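Novice: So you can see what is in the structure, the chains are spelled out below.
There are 2 protein chains.
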Amino acid sequence: MGAPRGPNGDTFLFNPELLKNLDWNSVRSSLNPPISNEEPGEPWLLVRPLSIMDYSKGYVQILSQLTTVGNISKADFERQFWRMQNAGGYYVTVIEDTRSNKIIGAASLITEFKIIHSCGLRARLEDVVVNNTYRGKQLGKLIVLTVSLLSKKLGCYKMSLDCKDSLIPFYKSIGYKLEPGNANSMVVRYEETTKPQDPS
Amino acid sequence: MGAPRGPNGDTFLFNPELLKNLDWNSVRSSLNPPISNEEPGEPWLLVRPLSIMDYSKGYVQILSQLTTVGNISKADFERQFWRMQNAGGYYVTVIEDTRSNKIIGAASLITEFKIIHSCGLRARLEDVVVNNTYRGKQLGKLIVLTVSLLSKKLGCYKMSLDCKDSLIPFYKSIGYKLEPGNANSMVVRYEETTKPQDPS
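Read top to bottom, the protein sequences are chains A and B.
Residue numbering for the first sequence follows our numbering, beginning at 8 and increasing consecutively.
Residue numbering for the second sequence follows our numbering, beginning at 8 and increasing consecutively.
So here's chain A without its partners, still in its complex pose (with noise of 0.2 Å):
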């Protein structure tokens, strides 16, 4: 399959034709007023794929908003991205504001192929992150619904998420549960001094 390209010629993640007529309706009570990924609130929002062009745009600067995001250069982004693309799955999704051509929001749908479940397909959601200067704009709850309509359009039977504490009540205003008894993250972290190695 070639890889999907936008008007100007951009190079996106995934098919952009995905993001259409996803189930709004189903998380209407969640947003007031009622936005939507084709519908953003502002004629100047546009909420698409990841793009091979973005690292130009600022992606990997609003990613250090999050977390530790180390230097990458315009290379190792590129290359990242072929990697996601050529492995599937992967489901980067921005919010661009097209008057400074910048990206102000990302979240990341993965899915994973599962034996259980019917040979199912599941969900995670990873990295979401919305500019602070927009705020106000229920730019967090579009972004993240995007992804997620998204994970139920392609037939997963769950999407799943880890957060702090603090982000509980944002996850649970848009649908997202905490399950008793089967709500527990763990992690074992590792010395980030070696650079990994193509997984074979």
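None of these hints come from the bench; they were simulated from the model.
All values derive from a computational prediction rather than experimental measurement.
Hints are supplied without guarantee of correctness; some may be wrong.
For chains that are exact copies, the list does not tell them apart, and a pair is met inside one copy or across any two.
Said to hold, decoys possible - Subject to a maximum C-alpha distance of 16 Å in a straight line, what follows is the list of computed EDC-like cross-link-like pairs (lysine to aspartate or glutamate):
| hint | residue 1 | residue 2 |
| --- | --- | --- |
| 1 | Lys160 | Glu198 |
| 2 | Lys165 | Glu133 |
| 3 | Lys159 | Glu199 |
| 4 | Lys159 | Asp30 |
| 5 | Lys165 | Glu198 |
| 6 | Lys64 | Glu85 |
| 7 | Lys27 | Glu46 |
| 8 | Lys165 | Glu199 |
| 9 | Lys148 | Glu46 |
| 10 | Lys160 | Glu24 |
| 11 | Lys159 | Glu198 |
| 12 | Lys160 | Glu199 |
| 13 | Lys148 | Glu49 |
| 14 | Lys148 | Asp30 |
| 15 | Lys171 | Glu133 |
| 16 | Lys144 | Glu45 |
Knowing the structure of chain A, use the given hints to seat chain B on it.
Specialist: Chain B in isolation, oriented as in the chain A frame:
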């Protein structure tokens, strides 16, 4: 890259060489006696990657001890196996009882390409199960530590898992932590009425 094959013509999900020389010294205090994937404590136990032959060796049945599996045909299993292998990043690892040629334990390491953490690789633990009749042989620790050490070998910066309250002591005993204020797993579940599309 061709599919890795074993001595019996098995097709493995990933290269069995990756399971050699894992850093068992780093987790020595977790196991008594000190078994490893290469010396699992009994001569008839074999720790290896999932094989395309494992449908007939009971991999699907053992998963049914864990959660809903559904009716999965040999063709369903094989189709999903090839999707996993083509995508890469799926390190499903099993324990076989070579006396009966049955899978008696399994755990999955799934890796994810990130932009954060210097275009790092992140790891997840999924679908851990050990046959109850093999209790007392530390096989739960063995299979989880095998894939955890594999994630370290692959250069992942962290490995995480979601679990029930009752399993927290087990995972703590092998080095996993609940990070204060950042240990929540939240979920949205969808009705399992539709077959997933092929992601594109």
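Novice: Determine for every hint whether it applies to the structure shown.
Specialist: Checked hints:
1. Lys160 x Glu198: between (38 Å within a copy, 12 Å between copies)
2. Lys165 x Glu133: The answer is both: 14 Å in one copy and 14 Å across copies each meet 16 Å.
3. Lys159 x Glu199: between (35 Å within a copy, 10 Å between copies)
4. Lys159 x Asp30: within (8 Å within a copy, 40 Å between copies)
5. Lys165 x Glu198: Intra 31 Å, inter 9 Å, cutoff 16 Å: inter-copy only.
6. Lys64 x Glu85: The answer is within: 13 Å in one copy meets 16 Å, while 41 Å across copies does not.
7. Lys27 x Glu46: within (11 Å within a copy, 53 Å between copies)
8. Lys165 x Glu199: between (31 Å within a copy, 9 Å between copies)
9. Lys148 x Glu46: Answer is within; shortest intra-copy Cα gap is 14 Å, inter-copy 50 Å.
10. Lys160 x Glu24: within (12 Å within a copy, 38 Å between copies)
11. Lys159 x Glu198: Answer is between; shortest inter-copy Cα gap is 9 Å, intra-copy 36 Å.
12. Lys160 x Glu199: between (36 Å within a copy, 12 Å between copies)
13. Lys148 x Glu49: within (15 Å within a copy, 53 Å between copies)
14. Lys148 x Asp30: within (15 Å within a copy, 43 Å between copies)
15. Lys171 x Glu133: For Lys171 and Glu133, only the intra-copy Cα distance (13 Å) is at most 16 Å; the inter-copy one is 21 Å.
16. Lys144 x Glu45: Classified as within: same-chain Cα gap 15 Å, cross-chain 55 Å, threshold 16 Å.
Violation of the numbered hints given earlier is absent; every hint is satisfied by the structure.
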